[in-house]
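**Q** Let's have the full structure, built from the sequences with the hints guiding it.
Residues per chain, in single letters:
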Amino acid sequence: MKKIILKSKAGSLITLLSLATLLISSHTFAQRIHVNGQVFDSYSRQSLPGATIQVKGSAATSVADADGKFRMYAEIGDILLVRYIGFVEQEIEATEDEQQVSIYLKENLTELSEVQVTAALGFSRSAKELGSSAQIVDADELNQGKTVNPLFGLSSKVAGLRINMYDSKVDPAAQVVLRGNRSLQRSSGIDGRNPNEPIYVVDGVPIPNISRLNPNDIESITVLKGANAAALYGSEGVNGALMITTKKGRKGEGIVRISNTTTFSNVYFLPEAQTTYGQGNNGVYSPTTFESWGPAFDGSSRPFGSPLPDGTQPMLIYAAPARDNRLDLFQTGVNVQNDVSFSGGDDVSTYFLSAQYVTQSGIIPKDQNDRVNLRFNGSRDFKKLKTSYNFNFINNRKDVTPDGPWIGSYRMPANFDYGMIRDWEDLNSPGNPNNYFIPNGSWLRNPYFLIDNIRDQSNQQILNGKIELNYNVAPWMDVLYRVGMYSSSDEIRSFTNKYEAEGTRNTPGSVNDQSIFYRRLNSDLIISLKKDFGDFSNRLLIGQNIRTDYRKTQNVSASNLLYTDIINQSSRQGELAGGSAITEQRSLAVYGEYVAGYKDLLFVTFTGRNDWISTLSRENRSYFYPGVSASFVASDAIPALRQMRKLSYAKLYTSWNKTGNVTLTPYQLNNAYTQSNGFPFGNNIGFLPGLTNPNPNIMPEFVTSYEVGFQMGLFNHRLYLEGAYVYSDADGQISNANISRATGYNAMLVNSGRMTNNIIELTVSGDVIRTMDWNWNLGFNFTHTNNVVRELYGGADFRQNFRQSYAFVGDQFPMLWVSDYQRAPDGRVVVDAETGDPIVAPDNVKLGPMVPPYMLGVTSRLEYKGFSLIAQFDGRMGGWFYSETIPPMYEFGTHPITAAYGREAFVWPNSVIETSPGVYVDNTDILTSGGGKEFWTRQGAVQSNTAAKADFFKLRELNLSYTLPNKLLEGQKLVRSATVGVVATNLFVITHSSNNIGDPEYLYNNTDGYYSFRQVPPMRTVGFTVNASF
Amino acid sequence: MKKINIKLLFVLLASCFMACDEFLDVNSNPNSPIGDNLPLSAKLPGALVSITNQEVLQLNQIGAFWGGYWGTNNEGINQFFDLKTYNGQNIRSQREGIPVWENGYNNILYFRLIQNEAESTGQLFYAGTSKIMQGMMFLRLVDMYNNIPFDDAAKGSEVINPAYEPGQVVYQKAVSLISEGIEDVKASGTIPSNHGDVLFQGNKSLWAKFGNTLKLRALIRQSEKNETQYVNAEIQKIITEGSGFLMAGELAAVNPGYLNTNGKMNPFWAAYYRDVQGNTTANYQSIRPTIYLLEQYQSKNDPRLERLYVPVEGSYRGVIFGNSEAGNPIFERNATSAFRGPRENSNQATGIFHNWNQSSVILSDFESLFLQAEAVHRGWIAGDVSQLYQQAIARSFDYTKVPEASLSGYLAQSAVALADAQNPLERIIEQKWLALNSISSIEAWNDFRRLGMPNYPATAASGITGRPLRLMYPETERGTNLEQVEAQGSDRMLQDKVWWMP
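Line by line, the protein sequences are chains A and B.
For the first sequence, the positions run 1 to 1030 when the UniProt record's numbering is used.
For the second sequence, the positions run 1 to 502 when the UniProt record's numbering is used.
Hints listed in this document are in silico derivations from the structure and should not be mistaken for laboratory results.
Because the structure is a prediction, the values reported are computed rather than measured.
It is possible that part of the hints are untrue.
As the list claims (entries may be wrong) - Residues from chain B shown here face chain A by an in silico Cβ test under 8 Å; the list is partial: (1) S50; (2) Q94; (3) Q277; (4) G466.
Even for Gly, the Cβ is constructed at its ideal location relative to N, Cα and C.
**A** Now the structure itself:
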C-alpha cells in the first residue's frame, strides 16, 4: 500500500491505476483470454513480421508472423509489451477475449538522429546537426574490460582512434592519437600533452590528462574527431577531442551502487630463447659468465659462480628446465578496484558522490600502484539560474623498480636459477652482490637486488573541479560562466640504496627528490542565443576564454650517499645538486559559433576563433581561424527514401576547417644559456647557449582539413552504417628542424614541414539475432590512414624522429629505416665470396611505417536472458616495429638463431655470391667465418634482423556477466539489482610470424613501433567483477 | 537582438584588448639567462671546457684505438665495436655513432658567438682567444673529414646549407684565423681578474705561444705535401710574430676547478679511471694496452711503463686491438695490465692519472717540443734538434711521474739517443708516440696517417683489411646537406684520404 501512495504522489494517475490493477490481478483468479493482433510500422503502414509480444512480468511471449499477425493467451488486465528493433516499445492492455488489435509502432529515432552529443564547450547538441563525425562510448562499453585507466577502455572501439599501452608495468602510460599524426614535433607542451594528442574535456573543462579518472564516474565519452568538431577549442582541439561527461544524480530515489573488480595479471609473451646452450665462452663452460656461449646442456651438475665465503661451491644442474626459467622472475599481479557511489536528486537539485580505491601489484615483484578517487558532482536550480559544480580528488601512489630486472633477465642462460639468488641479503647467498656469479654492475646485477634497492616512488595528488552558472536571461538567451581548475602535485623520489662491494659489484647510493606542481585555470563566458523564424532555426554562441598554465619543478639530489638505508641528501659526500624551473603560459580567446537550420533537416554551422597566446612574440601571438560545416538529413528531406523500408535514416555531412596551432612551450623564442659540463665548479661559472637556434619570428601553424561522411540506418534500424573520408594538411609546422650541424646548431625552430592525412573510416553495427531471449549485436569499425610527409625543412629528404624512426618525404610517418644485408634483386642475401659472411649493405632500407595504416575493431555482444557475453577484438595491420631487446640476445647467445647451426660455421641459407657486378650465383658451399659470438653479434647489429611486422589481432576484452533476475530479488527491499561477471583482457593475440619480440601495440618514449629493452613484456589479465545497487 | 549581440561582443573585445598585452607578457624566461645578460667571462669558460672535453674524451679515444695504444680484454670484447671493426657507417650514424662533426661545429659555434660579441664590443682578448680555439677545431675537423665548411660555417640561420671547401683551403684559413687571434690577444688591454680564462688564466703570452704551436702542428701535418713555399711563409710569420712556441713547463691544460663530485671531476679520470666513490669504471675494467705498445716501452727499458700500467704476476701483459681470439684466457681482464693510478700506487700520482682534479691537457709541452724537434729536423726553424728531443722526453717523464734520476740513463741508450738513429725522424715520432700515449692520442693516429710511423698493427677483427684514413660524413649531414656531401665525391673510410696524406 505504501508503494501505491508514493507513486500517486508522483502524480501519475495512470500509473496508479495500472499498478492497482496489477496488484488486484495478482490477488484474484484471472480470466484467460485470446488476444489477436497485427503490428505495423506507423510511418510506412507496413506490417512488421518478427515483432515480439510479451506479457509484462511473465515469460509468455509470441512472435508476429510474416504478415505481422499474432495470437496469444493472456489474462484480462495483462499489459502486453510490443517490441520491434528500431521502434519504440508499446504497451496495450488485454481487455477482452478474441480482442482484435492493430498496433502501430513508431520508429525509435533516438537511436541515431536524436542522439545528443557533447559538442564543443560541453554543450549538448543533437547529432544530426553535426557536420563532422562524433562517436559516443557509453559507460557500459567503456567499462566492459574494467580497465583502471579509462583511456584503455576506449581501445579499438572508435574508428580513427588509436590507443597504445606503453608496456605492462603497473599504471602504464597511454598514447592517444586521433586520425593520424599531424605533427613532427616530439616535445610535449606545458601541460604534458604531446603535439599529436587530442584534447581532453571533462564536463566542459579542458584538462591535460584523464588517465587517472575513475572510469566508473564516466557517464559517456563523446569522441569528436578531427579539427572540425573541436574548432572552438582552438589550438588544442586540432587533434580532435575526447569529451568526457561524468555522472550526475537523477531525480528520484537515492541509489547506492557498490562494485568490486579483482583481476590477476600474468606475463605471457617473452621473446623466444634457445635452450640448447648454457653459460660459457667459445663452447667452454664458465661458471662466472652470464653469456650463453658455453657447451650444450648435458644435465650434469656444474659449479655456478665462485665459492661462497663459507667455502661452499653453489652448483646448478646444467640443463634448461621444461618451463621457461625467465617466467620465475615475474609474479601474478593483482588488481583490485572497489567502488561505491551515491546518487539522487529532487526537482531542483542533483547529487552524485563516488569513491574508488584501486590497488595494483605488478607482474614485477614489489611493483605497486594505489589510487584513491573521490568525486562530488552536484547541481541546483534557482528558477532562471542553474548552478552546478564538480569536484574530483585523486591520489595516486606508485612504487616501482625502474627498468632493471627484465633488462638483465633475457640475457641470462636458460638454466639460470632465480630461486638460488633470491635471498641476496644473506652474505653467504650466491645472490649477494659480493658473491654474484658475474661481477658486472648496472642492470646485470642480481634482479632481486635491483628490485629491492633501486626504486622510483611517486605520490601524485590531483584536484580538479569546476563551477558553472547558467542564467536564462530570456527564452532565447542564456549566459553561462564556467570556471575550471586542475592542479596536480607530484612528489617523486628516485633512489639507489648503497651497497658496498668490490669493484663493479659496488652499488653507490644516490637519491633524487623531485616535486612537480602544475596548475591550470580555465574560464569561459558564453552567451548563447536561439530563435526560430518559420522553418528556419538560428543559434548563435559567442564566448570568451581565459586560460593560465603554471608549472614548477624542483629537485634536490645527491649522487654519493654515505650510508645504507639512510636515503637522504644530508648524508652525502660531494656537492648537493638540484634546481628549479618555473614555466608559465597564458592565453585569451574569443570565439563564436552560428548554426542555421532549415526544417530540422538541413544545418549549416559557422565557427570562428581568435587566440592570443603568450608563447609567441607580440607581433605574432594573435591568430584567427574559421570553419564551416553542413549536415543534411536526407531521410527526412526526401520522403521517398523513408518509404523504402530498407533505408530508415540517412544523413550526409561535410565540413571544412582551418585550425591554428601553437606547439611551443614557453620561452622558446630566445636562446637560454645554462651551465653544463659540471659548471659551476664552486665559484667558477661557465655558460653555454642552447643548440636549438631560436626563432623569435615563429608563427602559428595551420591545419586545413575537410571531411565528408554519411550515417545510415538500414532495415528498420537493424543495421547502422557510418562512413567518413577525411583529409588534413598540416603545413608550416612549428618544429625543431634538423639543420646541418655545420651551422653550429643542432636544430632550428622553424615553421616548416608538411604532412597530409587521407583517412577512411567505416563503422558497421547490426543486430544479427534479435529475439525475446537472444540478442547478438556485432559491430565493426575500420580505419585506413594514409599519412604522407610532404615536405621537410630546407628541402631535406629525411629527418630522424627517434633512433630507427624517421620521416621521409613521400612516405608515411614514422618510417622504420634500418641496416640490412646486401641483397640480390630477388631478395636473397649476398655473401662475401671469401669469408662466406653476409655482406651488410652500405645504405639502410625502409622496412615500412611504424604505425599501422589499417585498424579494425570488432565488438560482439551476445545477450541471453540475464547473461551477456561481450568480446572486443582489436586488429592492426601494415605496420612494422623494431626491438632493441633482440640484439643483446644475439650478442649473448640467448637468441634461438644462435643455436640453429650448432655454433659452427655454416652456409648462409638461401644466399648468393656476386661474381661480377649484377651477376649472382647460388652459394652452396662457402661457410661463414664462424658460428660463435663474434659472428652472431655482427648479425644482431644488422637491424633488419631485429625488426618485425607489427600486424596483430587480439581479443582485447572479454566480459561475461550475469544479471540476477528480478524474481530473485523480489520480496526484499535492500538490493535493487546485482550483476556478477568475469572479465579478461588480451586472452589471445595473433601476431605475424616474424614477430618474436612482443606485443606490437607497445611503444617507447612516445615512438610508435619501437620496442625498448626497458619495457616489461606483455601481460594478460583475468578476474571477476561484482556490482550491486541498493 | 542583433544590437545586443554587437554590444556584448564589443564590450568583451574591448575589455580583453585593454588588459590583453600585459596579461600575455609572461614569456621571458625566469629560469635561465639569455646571452645579453651574461658577460663574456661567463661564456668563455663554458666553451673552453666543452672543447676540452671533446679533445680529451672523444678525439683522444678514437686516437687511442686507431693510434695503436688501446685494445680491450675479453670483457670488453663488445665495447668500442665500431672502432675495432672500422665500421664507418656506424660511426657516422646518428644513433650509435661518434659525433665528431656535430660536437666540433657546436664548439666552433660557442666560440663564434663569443667572437661576434667580443668584436662588436671591442673586447679583443675574447675575440682573439675564440679565434684561436675555432682555428684549432677547424683543423681537427679537416683531419677527420677532409673537405668541410669554413666560410659558411657556424652562421646559424644565415646559411643553412653551408658549402664545403677543400681541406687544404680550410687549413690555410684556419691558420690565418689563429694568426688573427694571436694579434687580437696581443692587442687587448688589461685583462680583468675575473677573466674566465680557464686555459691560460689571462696570460696573453701563453695564448700567443699556444696559437703558434697550433700553427706549427698544422704546418708539420702537411710535411708530405711539398707545400714548401706556403710552409716557409707561415713559419716566417711565426718567427716575425716573435712569441715562440709552448716551451717546457708550458702546458695548454684546462682546469675549471674540478671537484670530487659526480659530473665535476676531471672528465678523463671519471671516464677511464674511477668514479666519485673511488670505484673503477667500466672503461678501466676493459681497456688495456696493446701488446705492441708494451713491447715498445719494454724494448727501450722505458721507466714510464711501470708508471703507466699495473703488472700481472710480475709482467706487463697487453691485448690485441680488435680481439682476434675472443675467450683466450690470456686476454682475460685479470690476466692483462690495467692502467696504474694513485690507488695502485700508494695514493701517489703516477702515469696519466694524478688526481681527480688534474688539468685536462689539450696540448702538452712535450708535444710542442716534439713538433719543434721535427721542424728543426726538417730545417724549417733554427734550433738544436737533439736538445729539443731530449727536453721533450724529459717533460714526458716529468708528466708521468718518472723520477728525474732515470732520465739520463734512458736517453743514453742507443735505442733512444737521437744521434744513434738511422732515421732521426722515425725516432722523433717513435718517442712522440710513446709520450702522447692516452694524452693526445689523436696525434698518434694523425702521425701514422702522415708518415706511417710507428708501424703498429691494424685491427685483428676478422674480415677487415686496410686502415681507417678518415671518417665518413655523418648521417646528420647527409640528412640536411646531402648535396654538399655528395659533391665531395667518394666517401669511404678505408680508401679516401685527407688532403695532407701522402
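**Q** Could you run down the list of hints and mark each one as holding or not?
**A** Each hint, compared with the structure:
1. S50: At about 6 Å, which falls below the 8 Å cut-off, the nearest Cβ of chain A leaves the hint on B/S50 intact, so it holds.
2. Q94: 5 Å, holds
3. Q277: 5 Å, holds
4. G466: 14 Å, violated
Consistency note: the structure conflicts with earlier hint 4 alone.
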